[in-house]
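*Asks:* Each residue of the sequence shown is one higher than the last, beginning at 288 in the numbering used here.
In short, the hints are calculated from the structure, not lab data.
All C-beta atoms, glycine included, are put in the ideal place defined by N, C-alpha and C.
Keep in mind that the hints are not guaranteed to be accurate.
Unchecked claim - FRET-style restraints, in silico, Cβ to Cβ:
(1) Gly328 / Arg359: 28 to 36 Å
(2) Arg359 / Ala327: 31 to 39 Å
(3) Gly293 / Glu366: 16 to 24 Å
(4) Leu363 / Gly304: 31 to 39 Å
(5) Thr306 / His332: 28 to 36 Å
(6) Gly292 / Gly370: 35 to 43 Å
(7) Gly329 / Gly370: 16 to 24 Å
(8) Ser337 / Val307: 28 to 36 Å
(9) Ser316 / Val364: 15 to 23 Å
(10) Thr356 / Asp297: 28 to 36 Å
(11) Thr306 / Gly357: 29 to 37 Å
(12) Glu366 / His332: 18 to 26 Å
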Amino acid sequence: DGRAGGSLNDPRHFDNGSTVTVDVLLEDSFTGGAFGTTEAGGALHEHEFSVGDALVFPSYKYHSVGRITGGRRRTLVLEFWQGDENRCNHRCELIRPRAGEPYLCEDAQTSDGCAGRVSVTLTA
288 DGRAGGSLND PRHFDNGSTV TVDVLLEDSF TGGAFGTTEA GGALHEHEFS
338 VGDALVFPSY KYHSVGRITG GRRRTLVLEF WQGDENRCNH RCELIRPRAG
388 EPYLCEDAQT SDGCAGRVSV TLTA
């Protein structure tokens, strides 16, 4: 969720650790805020992006969002990961076995479950 004045003004930003990133534009009642990727040679390529469009790219690709000059920019960002399932949003080892036994992250050991657990329901 971005508002006037906001940006991701880092042309060398990338999504560390995930393999694929998907950005879906949810609202277009804004000006500015262009999504761009840094291409070979360092040139910034801005991508057209309309409500409902999904931009799918490898997570290691440098990307940025220009300054929002008016309105509100809402985007759903999904990152796909490879490996074992994790249930905490900070990717702890809540359900991973350690030495053949289930291992709980420190948050889960010291409280009633992981404080960072996220539950999301999507409906049409």
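*Asks:* Checked against the structure, which of the hints given earlier come out wrong?
*Replies:* Checked against the structure, the hints that fail are numbers 4, 5, 7, 8 and 10, while the rest are satisfied.
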